[in-house]
Structures are given as structure tokens and as C-alpha cells.
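J.: If you want the building blocks of each chain, they are given just below.
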Amino acid sequence: MEKIIKGKAFVFDANIDTDQIYPGRFLDLTDPEDVAKHAMEGADPNFVRTVKKGDLIVASTNFGCGSSREHAAVTLKAAGIGAILADSFGRIFYRNAINLGIPAIVCPDIRSSVSKGDLLSVNVASGEIINETTGAILKAQPFSPYVMSILDNGGIKSLVKGQLQEQGLK
Amino acid sequence: MHAIEKILARAAGMKAVKTGEIINCKVDLAGINDLYLQTIRSFFEMGGNRVSDPGKVIVFLDHYAPASTIAQADNQKQFREFCWDQGIDLLMDIDQGVCHQVLADKGMSYPGEVIVITDSHATTHGAFGAFGTGVGATDLAIILATGQLWFRVPEIIRINLEGGLKKGVYSKDIALHIIGTLGADYGVYRAVEFTGPVLRDLGISERMALCNMTTEMGAKTAYIQPDEITTSFLKNKMKQDYTVFTTDSGYAYFAEHTFDVSNLKPQVAAPHSVDNVADVVKYAGKPINQAFLGTCTGGRTEDLAVAAAILKGKHINPRTRFIIVPASKSVFLEAMNRGYIQALVEAGATFVTPGCAACLGTHQGILAPGETCITSSSRNFPGRMGHGKAEIYVASPAAVAAAALEGKIVDPSDYVK
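Line order of the protein sequences matches chains A and B. Counted the way my numbering counts, the first sequence spans residues 1 to 170. Counted the way my numbering counts, the second sequence spans residues 1 to 417.
So here's chain B without its partners, still in its complex pose (with noise of 0.2 Å):
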């Protein structure tokens, strides 16, 4: 069996499972946000009345951080009134930032967990070994009543990353590689792991944006197999033990692809689809009115301090404007502890509160019809940030801050040390 395999038969309580089976497995984590009020009201209208463990629920005020409006301040309110009744200590109030990074910062993403998130990015536990996915709210909410959900055990698909990444190019632009290359539904109902020498090159922060971005390729799952990057990263985080799974040897892949990264350019998704991805250099000199960096995908410390590095002592073009979302309170604690905020924002960038801001096109730096904006987030579909005549390019933290200085798409390799 895969070790995917072998954590979703933990789940369920049985000795072996198979591809294509239908199983209940107990959730370790499941996480609501707040766009979905629906999971309470279908909670009630299953004939739900005391969620079953609420130590086994967690609930972010992340995506509306802080409300903009009379409908999603109402929206919070009903969430921590539930939380309250429900006896749900784990309320991840609008101070703490996106779900995916918060469970990261907290070491509550773990390898050998099942995680049901009402986010689709769930696909970014991967990175610890956790079985992350994410679901509706009827799927959540059938998850409170009874603690269970059922799954289809997936197909596995393995990514062999070979080569070593040149200067200025990162994770994401491998994601958006291998998106472009596979199409934007190769991954649909199935999982995705990536192996191989370059994994030994990313940190946790590389790895997490790797497994985020397979959900724009459709994936049900991804799964990185922990090693002494994962267990350093989590020795100082996590009181209880965990389970590491291991895939037998000569398990059958659903189907293996190789990509040699060692010659790859930085990466854009061009309008309107996460598929059309070329060499950022395709679209150099194009103007952009927008750099936006951060969310689940692009803002932790580490994409700050890339940031940071190209816009010290200078300033960002003033046809520009250059919105940041750190993660997580913990990401812009530790970038402002660096200095990275104050660097940041001496060369003209606008923070907001950590969340998911602009990248859903709630708030928070919204698009105008015909505007044009470079970001560090997952998506670009029609619409996605606001106006659907607006242009949205998807790249790295990298090429983003670079873009935000020169008020164009320019090649990132060129501005990183």
C-alpha cells in the first residue's frame, strides 16, 4: 500500500484499503471557515445537536478578517456563538490569520493525520505527511455530527522532482510547471506525491506552497513522505507522538512523471487559467497596477523575506500599488522581529490583516475592470480578485515584489541575490 493508502486505513479502522473503494474514515481535524455558515445550518437540519467532538473541530474567522460587511460580520458572530454553545475551544479569531499556515504554526498539521478542511487549498498538509483534503460544508458538517466522512480511496500519481532550482526560481514556479504541463484537471480525484532530490532543497515553507498548489491541478490530496526536514520543523511544536507511514516498495503508481528542474525560468499562470503558464519573460514590459503578495499559497516569512531582500532601501513604481497579507499573526510577527515589514513598508507597501484578502474577492484590495495585477496567491480565473474584465498573473513571491518595483512583469532572476 501508499502511505496515503495506509493513513486513510488508520482512518477507517481496517487492515488494508484499495483504489477506488468507498470508506468512513474518522476525521483527526476537521476545520470550518467563515464563508461557511451553510456547515452549521445543515449541522441543525441533519438532526445535528451536540457536535460529537469538539476537541476535534477547529474554526478560522480567516477569510472575512476583519468583516467588511453587515452580512459577514453576522456570519462571525453566528460562528463564535456556536463555538461557544458547542463547547469548540479551538476559535481562531480574526487576529490569527489563514487556516492552512495556522495549523502549521501551531504543529497541528502532522504526519499521519486526516484533516478535512472547507478549503479546497487542504491539499497543503501534504507537506507534513497529513492526509489534508477539502470539502463543502453538508460534508463538514456530517463530520460534527457523527465524526466521521466517507471517501473514495484515490489514485496516486508521483512527481519525481530531479535537478536543482537556479537563483530566483522556487516551488512555485515548479507547481505552475507541472500545472502547465499536466493541464489544470490531471490531478481530479486523484492524490499527488512528489519525490525526489530537490525535496531535500525545500524547507517547509517551499514544501507547503508545492502541495497548495495541486489543488489547481484538481487533486484530492497531496503527500510529501516526511523526513528530517518535517520532524526538525515540528520537534519544538508538537507535545503528542505521531505515526509516519511508509509506501511498500513496489507500489503501482496510478501513473510517474519526471521534471528536471534544473533549467527552469521563473513561472507565470496568464489570464484566465491556472494552465496557461509560460516563462515569466514571456510577458516582461507588461504594466501592472497591482502586485499582491501573500495568502495560504505565497505569504509566509520566507516570501517576505524575499520581498524584502528586493525592495530594501528602494521604492515600489508609483503607478503601483503593492498589497501584502502576511499568512498568519506568527509569519508577521516573526517578519516584523526581521525587519522585513519595516523595510516593506518604507518602499511603499500596504499591509493587511493576515487572512486571505484579496485572493477570493471579498476585500482587501479588489480589482477594477481593466486593471492588471501580479500575485504570490493560487488563482486567476475570470473574476477571482474582484472585477471579471480585470487580468490577473500568477507567479512567485519573487517575481511579484520585482514587478511591484519596476510597475511591470520583469524576470525575478535579475533582482535576487
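Only chain A is shown next, with the shape it has when bound in the complex (with noise of 0.2 Å):
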């Protein structure tokens, strides 16, 4: 995956569940563009009309708690979302987005750092973030080589489809 991602910050504090991602009256949607309308609705009705892609989210602690439900990366994905930083991850949120390639980066103290609307340039591979706005840098927790190598892959799908193929070879 590319290097470095540039984007704007959107802020959030800790605890965000999976219903404030991705309300469970909205479910029983399937398709990537219908569930995008409704990111974040629970925590900022706002955010849909104002996210640009590659936009980047920034959370205290805890962020993705809750619901397993994939919905909540599926539509951070869908909206245009470059990466997700937070100071600590809901593991099933963590896999999720993981699976579907988007960079949740894990950086402790990464919320007391930004504000709304902070552009921050994240090397995905070193870890390294600079806040330009404000110039502070940070330090990310490094990824698994596992990790890496799904989110090299643009996620775990084409990861393991690949994997199938080779086995059907054999």
C-alpha cells in the first residue's frame, strides 16, 4: 500500500462503539454505497456531508468497541477513509478494518495531539506521524509482518484468494 497517507483529521474521543460507526437500524443494508451514508451518524450526523476521501479519523481510546459488525469498516471504507488512528482499537473493529485494508493504526496519546481539521502525513511502514499543522511527531505502535502483509495485499481477500489459487495449482 502507498507509504505515506495525507489527510485531514476528524476527532473523536474514546469509547465510539460500532453503533455510532454504523447504526443497527441500518443492518440490513449490503451494498458499500448505501451503508456510506450512514457513517458515524450516531457520534456526528455532520460527518457524512463534510468527509472528502481520503479524509483520516482520530480517536482516543477504545475506538470500534461493541458489535462485530463489519458494516462499521465497511462504511469508514466506502467514505473515502484514508486511515484510522486511535490511541487503542475494539479488537474485532481492529480486524475488520484490517481485513478490508484500511490502516488502523494504533498510537497512544495520538488524541491529545490533533484537532479537528490537523493535516497529518502517516508513513505507514515506519510509523512515524507528523501533525503539520501544529508540527508535532509521533510514533506508532509498528504492524505485525503479518498485518503488513494484508494491508500490502489491499486487504485479506485478495490475500487468501491467492493462497486458494495456489492450493488449486497443487
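Since the hints were derived computationally from the structure, they do not count as laboratory data. No false leads were mixed into what you were given.
Chain A residues, not near chain B, derived (Cβ > 10 Å throughout):
(1) 3
(2) 112
(3) 119
Straight-line alpha carbon distances no greater than 30 Å define the calculated DSS-like cross-link-like pairs of lysine-lysine that follow:
(4) A:37 to B:77
(5) B:312 to B:408
(6) B:18 to A:161
(7) B:312 to B:166
(8) B:77 to A:161
(9) B:6 to B:239
(10) B:265 to B:166
(11) B:26 to B:239
(12) B:265 to B:282
(13) A:161 to B:56
(14) B:18 to A:139
(15) A:161 to B:26
(16) B:167 to B:408
(17) A:37 to B:389
(18) B:389 to B:408
(19) B:106 to B:239
(20) A:161 to A:37
(21) B:389 to A:52
(22) B:389 to A:116
(23) B:56 to B:237
(24) B:282 to B:417
(25) B:286 to B:408
(26) B:329 to B:237
Even for Gly, the Cβ is constructed at its ideal location relative to N, Cα and C.
The two chains are supplied separately, each in an independent frame; assemble them into the complex guided by the hints.
T.: In C-alpha cells:
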């Protein structure tokens, strides 16, 4: 995947659960375009109207806690979010985001270092995050080699697809 | 090694595993529910053709039971057709109930098993000494295609429960107290094991509630070492043998906490966070519009028994509605045989189809703006059960039933014989 991701930050506080990221009443929608229309609706009803492709989400601890709904990751991807940076993540959301090829980056104290609208430059490989608005530099936790390989493949589906094809050839 | 690590090592075909290691495990039972049509889509997007082991896959139509919209009906239709096409015989249709309770009822949750379900509350199966964990649609699709999934071996936290519970205090109160003390993110990426003498007083139903609620502190899985309570529960339900793994003496936990529950009072998680926990009396007198009893957290026969004992021969407050969703068909039938349903309906309760119902705000008891609900389910996130301006208080089944009776939050201890 791209080594450097640059984008404008939307900021959220602690314990943003997947019901706020994607309300349960819309779970019967399945096409990503429809799912994108309700991104972050429970936390910020104006989000969908103002988000632009490549924007970033910055959050405090436990972002994506609660339900295992993959819609929460699908909606952010379909809304064009380039990366999610948080002090920590709910574990199922973390897997879902990585599986879809969204860099979910664990960076302790990121929330307190970023304000809404700050321009961030994120080096996915090295974990260096530069807040170009304030000049602050932060260091994210590195991805494990396996997670990095999922992101490099644009998500786990293409990775598994390749493995299944290889097994088919044997 | 810890028993959880031994389960994972067995599933990974390894002699030993260590904390932090990424391993690939064979999954003994993979469950999909009707919110996760994306599972089928991801399976085909990955080039899947035939499900690798259809006998290890179970599909639950529980979240939308029965369908309330055309879109829900269409999702369920596609699931049924997928099961028929793929030879998945374990199709639990809309009559069966919530996935976790169905597995318990059918003896499909047992010691040493690796259970992966597209549902965060899969931690519930720790009550049986299984490794249960929740995943999203695409992870489950990988299991459909390969029979396996990768896991990071988690750090393990021991929570030791000492003392004895007072009248009117339940494992739900213990869970809420622990989450309130340690925080909603304390268990993230980690596993939680419960130990201690209190477990001897907790039957399977209460253990399931306890393990279920570890999801609300972020836990990957929960665990209770199987004992005679576990084996006697499974005795008449299971045909096959199972292995009970035990933790090596001297195993070093990531952290250990002891809670003496002897003086614990009924608890409540107030809006809008599961760790915003206090004694229920702090909110006594708060009027409620809806009381909600049920789901995988608090809708078992024992929970309906508590509610029936409080309400038998009485009637709920006229300004309150009391919605009850039995966790499963078996629970519904057993409660019926014991007369709980009769007593509760006469007391003014509204029963809905066994399943998830209003817990996740899709149907069967949605809240209007400005309304207040007390629930025996697990979550009070903003908008969880309907409008974002509704308020949800999470408490024990006894607290829910007592609140339905009075039309306001009360201390349930005064209502339990």
C-alpha cells in the first residue's frame, strides 16, 4: 500500500462504539454505497456531508468497541477514510478494518495531539506521524509482519484468494 | 501454559504457544448470523466455491427473527439458499433463538472447543471452558473457505471472585461492578478467566451471563475452568467426548484481580457507557418507559423465573411497557412449562420472538427520543436500542422486573424473596 498517507483529521473521543459508527437499524443494507451514507451517524450526524476522500479519523481509546458488525469498517472505507489512528481499538473492529485494507494504526496519545481539521502525514511502514498543522511528531506501534502483508495486499481477501488459487494449482 | 493456550495449541497443531504469537487455528464450530450477509459475499469474492467443512458451520437467523423489512427478508432468504446449496445442515431458522443460547441448549458448546461466531458475545462460551470469540464477516468467510483462522495468543487476566452474593445480587451485578472498576477497554486484546469460590454458587446460566459481559470490557475470550457444574450440565446433552484442559501451576497471568462480592449491591450501568456503573439505588425513583428482559445476556429460564417471582399476581405500572424476549425456543418452552410465561403475560408483559430483538435497535421494542429503558441486555451505547436521545440503563433481570412493576428504577433486593 501507499507508504505515506496524507489527510485532514476528524477527531473523536474515547469508546466510540460500532453502533455510533454504524447504527444497527441500517444493518440490512449491504451495498457499500448505501452503507457509506450512514458513516459515523451516531457520533457526528454531519460527518457524511463533510468527509472527503482521503480524510483520516483520529480517536482516543477503544475506537470501534462493541458489536462485531463489519458494516462499521465497510462504511468508513466506502466513505473514503484513508486511515484510522487511535490510542487503542476494539479488537474485532481492528481485525475488520485491517481485513478490508484500512490502516488501523495504534498510536498512544494521538487524540491529545490532534485537533479537528489538522493535516496529518502518516508513514504506514515506519509508523511516523507528523501533524503538519502543529509540527508535532508521534510514533505509532509498528504493524506485525502478517498485518503488514494484509495491508500490502489491499486487504485479506486478495491474500486468501491468492492462497486458494495456489492450493488449487498443486 | 494456561488452559486457553492449550486449547489454541491443540487447534493449531502445535505443542506449545506463547503470548503474542500469531497462530493459525482449526475452528471446531463457525457460526454466522443474519446480519452478516457479507460473509457469503466475501467467501465468493475470495474465490470460494464449496465450504471446506459444512458440518462445522452453523447459521443463525436470530437478529431479524422474523424479518421486519424487505431487505431483512432478502438477507435471510440468501442465507437459507446458501445453506441448501452448500449442504450446511445446521440452519437455525427464526424459531430457534439467539446463537449463544442455542449452542448451550443443544450441547454444542463444550470444554476445549474453538468456537468462532460473527457475534461479539461469543465470549459467552467460556462458561463451558470453550474458546469462544467474535469476528466480522470476512474473517468468518476465511473459515468457510479454509476451515482455519489466524489469532494472536492473548495475554490472560485472572479475576478471582471471593465471598458470597447477597439476596437480589447476581452475576450480572458482578460483571457490571468489574467493568465499572476496570473500565470498558481493560480487556481489549486480552482474555479473562474467572476463578474463586463464588463460581460454586453460579449455575451455567449465571456463568454464561458473566462470560458474556466480558465483551463489554473488550475481551477476546473468557474462561471458567470446567467443574462438576459444567459436566453435569453437559451430561445429557452431549454425545461425543471432549477434553478438559487445565492451567499449569505457576502460570504467570498478565494481571490478577480479586473482588470480594459479599457486600456488593445491585448494580446499574447508566447512560451512555457500560463502565458508567453505580449501585442501582443511586438512580432509584428514575421513571422508566420500557423494561426489556432477554437476549443472550439476560433472557434465560432462570432470568424469567426471577421476573415471574417478582410479578406473579401483580401488574406492571400502567405507564411502563415490559418487553420480554426469551433467549431461545428451549428457554421459551421450559418457562412455559413452569408457568412463568402465564404469570408474566398476566402481569402485563409483551412477549416477542426468541432472538436478539430490540437489544441492537433493529425491531421489537425501539425507543423514541427522550424515552428511558432499563434492560437485562448488555449495552447502553447512544442509539443502541433506537433513538440517540433515548436513555438506557443496564442491570440484572431482577432490577428490570422490579422496575417494570413500579414504573421507576428501584432496588430489586426489596422485591426478591
